[in-house]
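Novice: Here the numbering used here is used: position 7 in the sequence shown is 30, and no number is missing along the way.
Read the hints as simulated data drawn from the structure, not as lab findings. For clarity, every value in this text was computed on a predicted model and none was experimentally measured. Mixed in with the good hints there might be a few duds.
In silico DSS-like cross-links for lysine-lysine, where the CA-CA straight-line distance does not exceed 30 Å [to be verified]:
1. K437 / K516
2. K158 / K578
3. K528 / K401
4. K118 / K202
5. K302 / K585
6. K437 / K210
7. K376 / K302
8. K324 / K578
9. K473 / K58
10. K104 / K424
11. K202 / K104
12. K158 / K210
13. K401 / K376
14. K118 / K104
15. K528 / K302
16. K528 / K376
17. K528 / K585
18. K324 / K302
19. K118 / K210
20. K104 / K437
21. K578 / K298
22. K401 / K516
23. K158 / K324
24. K424 / K210
25. K104 / K210
26. K202 / K437
27. K324 / K298
28. K579 / K158
29. K158 / K475
30. K302 / K401
Estimated spans, in silico, between C-beta atoms of each pair [said to hold, decoys possible]:
31. T90 / D332: 44 to 54 Å
32. K437 / H540: 24 to 34 Å
33. P575 / D507: 32 to 42 Å
34. L126 / G88: 48 to 58 Å
35. T224 / E601: 38 to 48 Å
C-beta: ideal position from N, C-alpha, C; glycine also.
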Amino acid sequence: MHGRLRLAQKSDDHGHSGRDFPGFDASLFEAYAIKDPQSLMMNAARAMENLGRAASEWLGPRERGETSDDLFAGPISDFVKTMSALTEYWMSDQKRMLEAQTLLLSTYFDIWMRSVQQAGGPEEKSSEAEMAANKDRRFADEDWFRNPFFSFLRQVYQASASWADRLVAEAEGLDEMTKYKARFYVKQFTAAFSPSNFAMTNPEVYRETIESHGMNLVAGMRMLTEDVMAGGGHLRLRQTDAAQFAVGSNLALTPGKVIARNELCEIIQYAPSTKTVFKRPLVIVPPWINKFYILDLTPEKSFIKWCVDQGHTVFVISWVNPDSAHAAKDWESYIREGIDFALDTAEQATGEKQVNAIGYCVGGTLLAAALAWHAQTKDARIASATLLTAQVDFVEAGELKVFVDEEQLAVIEKQMGVSGYLAASQMAAAFNLLRSSELIWPYVVNNYLKGKAPMPFDLLYWNSDSTRVAAANHAYYLRNCYLDNALSAGQMKLGGGAIDLRDIKIPVYNLATREDHIAPARSVFRGNALFGGPVEFVLSGSGHIAGVVNPPSRKKYRYWAKGQTAGTAATNLDGWLENAEETAGSWWPHWQAWIEARDPERVPARLPGDGALSPLGDAPGTYVLARA
Numbered sequence: 024m025h026g027r028l029r030l031a032q033k034s035d036d037h038g039h040s041g042r043d044f045p046g047f048d049a050s051l052f053e054a055y056a057i058k059d060p061q062s063l064m065m066n067a068a069r070a071m072e073n074l075g076r077a078a079s080e081w082l083g084p085r086e087r088g089e090t091s092d093d094l095f096a097g098p099i100s101d102f103v104k105t106m107s108a109l110t111e112y113w114m115s116d117q118k119r120m121l122e123a124q125t126l127l128l129s130t131y132f133d134i135w136m137r138s139v140q141q142a143g144g145p146e147e148k149s150s151e152a153e154m155a156a157n158k159d160r161r162f163a164d165e166d167w168f169r170n171p172f173f174s175f176l177r178q179v180y181q182a183s184a185s186w187a188d189r190l191v192a193e194a195e196g197l198d199e200m201t202k203y204k205a206r207f208y209v210k211q212f213t214a215a216f217s218p219s220n221f222a223m224t225n226p227e228v229y230r231e232t233i234e235s236h237g238m239n240l241v242a243g244m245r246m247l248t249e250d251v252m253a254g255g256g257h258l259r260l261r262q263t264d265a266a267q268f269a270v271g272s273n274l275a276l277t278p279g280k281v282i283a284r285n286e287l288c289e290i291i292q293y294a295p296s297t298k299t300v301f302k303r304p305l306v307i308v309p310p311w312i313n314k315f316y317i318l319d320l321t322p323e324k325s326f327i328k329w330c331v332d333q334g335h336t337v338f339v340i341s342w343v344n345p346d347s348a349h350a351a352k353d354w355e356s357y358i359r360e361g362i363d364f365a366l367d368t369a370e371q372a373t374g375e376k377q378v379n380a381i382g383y384c385v386g387g388t389l390l391a392a393a394l395a396w397h398a399q400t401k402d403a404r405i406a407s408a409t410l411l412t413a414q415v416d417f418v419e420a421g422e423l424k425v426f427v428d429e430e431q432l433a434v435i436e437k438q439m440g441v442s443g444y445l446a447a448s449q450m451a452a453a454f455n456l457l458r459s460s461e462l463i464w465p466y467v468v469n470n471y472l473k474g475k476a477p478m479p480f481d482l483l484y485w486n487s488d489s490t491r492v493a494a495a496n497h498a499y500y501l502r503n504c505y506l507d508n509a510l511s512a513g514q515m516k517l518g519g520g521a522i523d524l525r526d527i528k529i530p531v532y533n534l535a536t537r538e539d540h541i542a543p544a545r546s547v548f549r550g551n552a553l554f555g556g557p558v559e560f561v562l563s564g565s566g567h568i569a570g571v572v573n574p575p576s577r578k579k580y581r582y583w584a585k586g587q588t589a590g591t592a593a594t595n596l597d598g599w600l601e602n603a604e605e606t607a608g609s610w611w612p613h614w615q616a617w618i619e620a621r622d623p624e625r626v627p628a629r630l631p632g633d634g635a636l637s638p639l640g641d642a643p644g645t646y647v648l649a650r651a
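Could you put together the complete structure from these sequences and hints?
Specialist: Shown next, in the form of structure tokens:
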């Protein structure tokens, strides 16, 4: 670019300078001129040396047989099969394919003409597409719009991505699941190949490389090496400064005691902060695919602390981070040794025979299954159930269904049969892929291209503190829920017989979040019709985490409640929303009022250890500290 800039400033045969071209601004390219080529080349060599070390750290464990990429075989095979079906649809009709190609080429031509005009003439008024692009955080730098070169790259990329999306949307010959997968894979592909993800096509990275003489790439490739080493041959993408956090030191601080433990979980009882407490204890069943302290990040964000402050005696299940010794622990084990163990513990600690229960995400799915099983065995220890972003019907289960079909599940089961668990890195990768534009590529650019360490962020520390998943439990969950949808159909078998959600007669508070990509609101809503008792459905703003962990003090988002849960208006989420009441702020007080309306009785506060059980240690316990 430096050479081109110099040529543009030379006079032509008629004595005119390149600066005389109307609309041309040579200053747009000055920041991209190499100022010290020798230093840049030296640092480029150092960066390549660090990249070589990263490659060695990736290759070494594979050569030694310490790791493999077998688990990727299923998704790769499915990707090839899905995209082949999409390609076959378009290639089978030459006219259709020609029209699609013509559309793309004509769009490229229009972009080229606009770019020529931008380089040598007055700027045109921004189109709606340009205004929309300006909101894309990947293209926040003004040179994506001002500089003709980067503006051209951005427009070509966005046109190509839109064209690819259109190919999927208009592929009428594909079944819905294949089209759904194709849409997901195209989204991953276009996110990966954004010009913002490459040093030479990202104006911010390009300028940083020039200004630092390539030191950003040296630092970035060093971090890449460290992250591959940390992952044992797999990339463990750092999303936050992990050194700034420690569970029990500045995370999961609500006071309490571990009062029971078995090989599958610890039960934590939290200390009261009020003189009186509700007579009926509260038992929380978190997901086991990540750690419970998402509900106890910091005192200001802690749902657990907030519940304690309202007067609840809170018991929380802290699941073990399983290894090969837990391979045979299945869905039934997690009910018996998790939920039932927690109920036994709460009764021994307080003397109360009934509790209110909360299940979050897959913990809520497990809780629903346990309730149906309890109904058959006349176990009435749970008086009310709250399900937080928990699916019991998986017809509209969202993008995670992309990873679950018979072929991919067979690969997963084979791999887990060897190790005894699903590796934490595989689970984390799947969830990060669902939001790759937010959880993968910004950190690739920031860490490895800009050479900057990520900022400390408690939520992202928790997100990176992933866990393994026991083989039998995970296989049962994927097959019975995602693949066969057995729970909603009354075909899930526990204790030797099928369970039926219609047997659940207790009150259910069913929370969905509007932007949830893991348990979509429409999917959660479908569960309302499956329970046999009264259901209070509530829709919160935001997504799977922020929509749940939304303290009232933050005064963020909103929620919808009091919509009809029976009759024709309740057959779909849109119909329910037409009659629902919108309220600004957190859903937490609404839930608290729902709980109190069913049992307001209070008793003197209970301290952990006052009952029949002696404390085994301080909260947050030991199981949560185990890293994968």
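Novice: Run every hint past the structure and note whether it holds.
Specialist: Evaluated hints:
Note on K437 and K516: the hinted pairing holds, with a Cα-Cα distance of about 23 Å set against a maximum of 30 Å. Between K158 and K578 the CA atoms are separated by roughly 25 Å; this keeps the pair inside 30 Å, and the hint holds. The hinted pair formed by K528 and K401 meets the criterion: a straight-line CA distance of about 12 Å does not exceed 30 Å. Between K118 and K202 the CA atoms are separated by roughly 21 Å; this keeps the pair inside 30 Å, and the hint holds.
As the CA atoms of K302 and K585 are separated by approximately 27 Å, the hinted pair is consistent with the 30 Å bound. Simply put, K437 and K210 have alpha-carbon atoms about 28 Å apart, close enough for the 30 Å limit, and the pair holds. For the proposed pair K376 and K302, the alpha carbon gap of about 10 Å is at most 30 Å, so the pair holds. Between K324 and K578 the alpha-carbon distance is near 12 Å, which keeps this suggested pair within the 30 Å criterion.
With a C-alpha separation of about 18 Å, the suggested pair K473 and K58 falls inside the 30 Å cut-off, and the hint holds. For a cut-off of 30 Å, the pair hint linking K104 to K424 stands: about 16 Å separates their Cα positions. Between K202 and K104 the alpha-carbon distance is near 12 Å, which keeps this suggested pair within the 30 Å criterion. With a CA separation close to 18 Å, the supplied pair K158 and K210 stays within the 30 Å bound.
Under the criterion of a C-alpha separation no larger than 30 Å, the hint pairing K401 with K376 is consistent with the structure, at around 13 Å. The suggested pairing of K118 with K104 holds, with an alpha-carbon distance near 24 Å, which does not exceed 30 Å. For the given pair, K528 sits about 21 Å from K302 by alpha-carbon distance, which is consistent with the 30 Å threshold. For the suggested pair K528 and K376, the alpha carbons sit about 18 Å apart, so the restraint of at most 30 Å is met.
Distance hint between K528 and K585 is fulfilled; the C-alpha atoms sit about 20 Å from each other, no more than 30 Å. For a cut-off of 30 Å, the pair hint linking K324 to K302 stands: about 25 Å separates their Cα positions. About 26 Å separates the Cα atoms of K118 and K210, which keeps this hinted pair within 30 Å; it holds. Under the criterion of a C-alpha separation no larger than 30 Å, the hint pairing K104 with K437 is consistent with the structure, at around 20 Å.
As the CA atoms of K578 and K298 are separated by approximately 27 Å, the hinted pair is consistent with the 30 Å bound. Taking the CA atoms of K401 and K516, the gap is near 17 Å; set against the 30 Å cutoff, the hint holds. Restraint check for K158 and K324: the C-alpha separation of about 29 Å stays at or below 30 Å, so the hint holds. For the suggested pair K424 and K210, the alpha carbons sit about 15 Å apart, so the restraint of at most 30 Å is met.
Annotation: proposed proximity of K104 to K210 holds, straight-line Cα distance about 16 Å (limit 30 Å). Among the hinted pairs, K202 with K437 is consistent with the structure: their alpha-carbon atoms are about 27 Å apart, no more than 30 Å. For the hint pairing K324 with K298, the CA-to-CA distance comes to about 23 Å; that is within 30 Å, so the pair holds. Restraint check for K579 and K158: satisfied, since their Cα atoms lie roughly 21 Å apart, inside the 30 Å limit.
Taking the CA atoms of K158 and K475, the gap is near 24 Å; set against the 30 Å cutoff, the hint holds. As the CA atoms of K302 and K401 are separated by approximately 22 Å, the hinted pair is consistent with the 30 Å bound. Roughly 46 Å separates the CB atoms of T90 and D332, a value that falls within the hinted 44 to 54 Å. One distance hint, 24 to 34 Å for the beta-carbon pair K437 and H540, holds here, with the actual separation near 28 Å.
A C-beta distance of roughly 40 Å is found between P575 and D507, which places it inside the suggested range of 32 to 42 Å. Look at L126 against G88: about 50 Å separates their beta carbons, and that is inside 48 to 58 Å. The supplied range of 38 to 48 Å is met by T224 and E601, whose beta-carbon atoms lie about 46 Å from each other.
Checked against the numbered hints above, the structure violates none of them.
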